[in-house]
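Sequences listed follow chains A and B, in order.
Numbered according to the working numbering, the first sequence terminates at residue 329, and the numbering increases by one at each position without gaps.
Numbered according to the working numbering, the second sequence terminates at residue 152, and the numbering increases by one at each position without gaps.
Accuracy of the hints is not assured; some may be wrong.
Claimed, not checked - Not the full set, but computed from the structure, chain A residues with beta-carbon under 8 Å of chain B: (1) E105; (2) V138; (3) R140; (4) E172; (5) H259; (6) V263; (7) A269; (8) T270; (9) L271; (10) G277; (11) R281; (12) A287; (13) S288.
What the hints assert, rightly or not - Partner residues aside, some chain B positions facing chain A, computed with beta carbon under 7 Å: (14) A31; (15) P55; (16) D56; (17) L80; (18) R82; (19) E83; (20) R90; (21) G94; (22) F96; (23) T98; (24) A99; (25) S102; (26) D105; (27) G106.
What the hints assert, rightly or not - Quick look at which bits of chain B chain A covers, simulated, 3 or more residues with Cβ under 8 Å: (28) 61-74; (29) 129-143.
It should be emphasised that the hints constitute simulated quantities derived from the structure, not laboratory data.
All C-beta atoms, glycine included, are put in the ideal place defined by N, C-alpha and C.
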Amino acid sequence: MSLATFLERTWSGLTGLVRPRSAASLFRLADQYRHEGRYEEAADLIAEGLRLAPNISVGHLLDAYLHVVFRDMPAAKESFRRVLALDPYHPRALFGLARIALEEGDIEGCRPFLDRAIQYFPDFPEAKALQEMVATWSAPAVAAPAAVGTISTDRLRPPPGARDLILTHTDGTLVFAQGSEERQRQLAQHMIQVYRIASATLARAGLGPLRRGVVEGASEMTFLRSDGGVILGVALPRDIDVGAGLVQVGRLWTDLNIKS
Amino acid sequence: MAEAQIPSEPTASPEATSPRGSRAQAFRETVFELIRLDGVRGGLIVTPDGLVITAELPPRFPVEALAALAATLGRELELGATRLERGAFRTAMFSADDGTVFVGGSPVGYLTLVADRNVNAEAVRAALGRAVDRLRGTWRNAGAA
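Pulled out of the complex, with its shape left as it was, chain A reads as follows (with noise of 0.2 Å):
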């Protein structure tokens, strides 16, 4: 076989390995790696079919997905707006918006996106969990420091090294924090949104209400309880034993000599 032939034959092997795919196809194995977890190729697939067939919603849905997946919020909220455009009552287009709302802590943002997706389709799990969940949520609260009622935090001995103490009534108002106005206002927002969101899995999975819990950061203990009426808060270090820092936030609790 002479070389020419042999390379006309190699390069019309090459070029039948690499015929163009369509957007669907590409869509399609982009969604089986994200499933697989393979989220670097899945990105890739969906741009390339993007490029192909820009007015595919599914296209603009799993590319929402993967940005999602790799916390580029404003990039995600853009492509679910971009599948709204093409189909304005893609369920979970709406969806995903409800979830960023949710996550920035737009509540009032939220709702409307989970109604609408509920609307057309009333048979949406994930959808009515979250709707349920929020229903009776509002803003949080900050009450003056004198609103205390019957709660004594004066007798409060915080164990050493900890940090970010705070009590708040499960309705979000603030009833004592440490630290900064700014400090405040952002740890009470995260243990309310924290303290609901824990309920509801909980409530969901049949468990009851909160009691306790715990949450391990790189470099702190985060210590929670709540009587149902109350959620008190507390940062240890982070080589503290869980149990040892439960008993302190039991000693807290004592201290307090919360009555709800």
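For chain A, the structure is supplied; the task is to place chain B on it using the hints.
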């Protein structure tokens, strides 16, 4: 109004894929390992976008609803840790009168376990921490490949 059908996740189902050697296989093995611990009733891994990668829960558990809540909880814990400068979120446990929910955070998603009230919380938390480290490793290795 007739009940409309929700468009399912785009095109593929987890069962339709071939997970051999993929991250998905590692995820499933991780969940299987954890649900063998005493007092652990079941578990799942859900990605931040709410996709259930693998779920091993008793039949009565509403998987989709739990996954949506677990993903929302995982994201809030992740965001809070960053905003409050507490270092990256690793694990959490929330106990109630009738059981405990554990959540582990990783770039891949959130590993959630449902356990009995009297579970050895420290043992489960330690095992969950190791699993989270493995998931982080899976993510880093694939990213470096």
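A quick look at each hint next to the structure:
A hinted interface residue such as A/E105 counts as satisfied when its beta carbon comes closer than 8 Å to some beta carbon of chain B; here the least separation is about 4 Å, so the hint holds. Below 8 Å, beta-carbon pairs count as interface contacts, and A/V138 has one with chain B at about 6 Å; its hint therefore holds. For A/R140, the shortest C-beta to C-beta distance to chain B is roughly 7 Å, which falls under 8 Å, so the interface hint holds. A hinted interface residue such as A/E172 counts as satisfied when its beta carbon comes closer than 8 Å to some beta carbon of chain B; here the least separation is about 5 Å, so the hint holds.
Annotation: interface hint on A/H259 holds; nearest CB of chain B at approximately 4 Å, less than 8 Å. Against a cut-off of 8 Å between C-beta atoms, the interface hint on A/V263 holds, since the closest Cβ of chain B lies about 6 Å away. For the restraint placing A/A269 at the interface with chain B, the shortest Cβ-Cβ distance is roughly 6 Å, inside the 8 Å limit, so the hint holds. With 8 Å as the threshold, the beta carbon of A/T270 comes within range of chain B, its nearest partner Cβ sitting at about 4 Å, so the hint holds.
The closest approach between the C-beta of A/L271 and any C-beta of chain B is roughly 5 Å, which is under the 8 Å cut-off, so the hint is satisfied. Among the interface hints, the one on A/G277 holds; its C-beta lies about 4 Å from the nearest C-beta in chain B, closer than the 8 Å criterion. A distance limit of 8 Å between C-beta atoms decides the matter here; for A/R281 the minimum to chain B is near 5 Å, and the interface restraint holds. Proximity of A/A287 to chain B holds as hinted, the smallest CB-CB distance being about 3 Å (cut-off 8 Å).
A hinted interface residue such as A/S288 counts as satisfied when its beta carbon comes closer than 8 Å to some beta carbon of chain B; here the least separation is about 4 Å, so the hint holds. A cut of 7 Å between beta carbons decides the hint on B/A31: the least distance to chain A is about 4 Å, and the hint holds. Checking B/P55 against chain A by beta carbon gives a least distance of about 5 Å; that is within 7 Å, so the hint holds. Among the interface hints, the one on B/D56 holds; its C-beta lies about 4 Å from the nearest C-beta in chain A, closer than the 7 Å criterion.
Hint status for B/L80: holds, given a least beta-carbon distance of 4 Å to chain A, under 7 Å. Because the smallest distance between the Cβ of B/R82 and any Cβ of chain A comes to about 5 Å, under 7 Å, the interface hint for this residue holds. Interface restraint check for B/E83: the shortest CB-CB distance to chain A comes to about 5 Å, inside 7 Å, so the restraint holds. Nearest Cβ of chain A to the Cβ of B/R90: about 6 Å, under the 7 Å cut. The hint holds.
Contact between B/G94 and chain A, as hinted, is supported at the beta carbon level, the nearest pair being about 3 Å apart and thus within 7 Å. Taking 7 Å as the C-beta contact cut-off toward chain A, the hint placing B/F96 at the interface holds, the least distance being around 6 Å. The restraint placing B/T98 at the interface with chain A holds, with a minimum CB-CB distance near 5 Å, inside the 7 Å limit. For B/A99, the suggested interface contact is upheld, since its CB lies about 4 Å from the closest CB of chain A, less than 7 Å.
Taking 7 Å as the C-beta cut-off, the interface hint given for B/S102 holds, the closest approach to chain A being about 5 Å. The beta carbon of B/D105 is positioned within 7 Å of a beta carbon in chain A (closest approach about 5 Å), and the interface hint is therefore held. Residue-level restraint check for B/G106 holds (minimum Cβ-Cβ distance to chain A is 4 Å; threshold 7 Å). Under the rule that three or more residues need a Cβ within less than 8 Å of chain A, the assignment of the region 61-74 of chain B holds, with 7 such residues.
Counting residues of the region 129-143 of chain B whose beta carbon lies closer than 8 Å to any beta carbon of chain A gives 3, which meets the minimum of three for the stated coverage.
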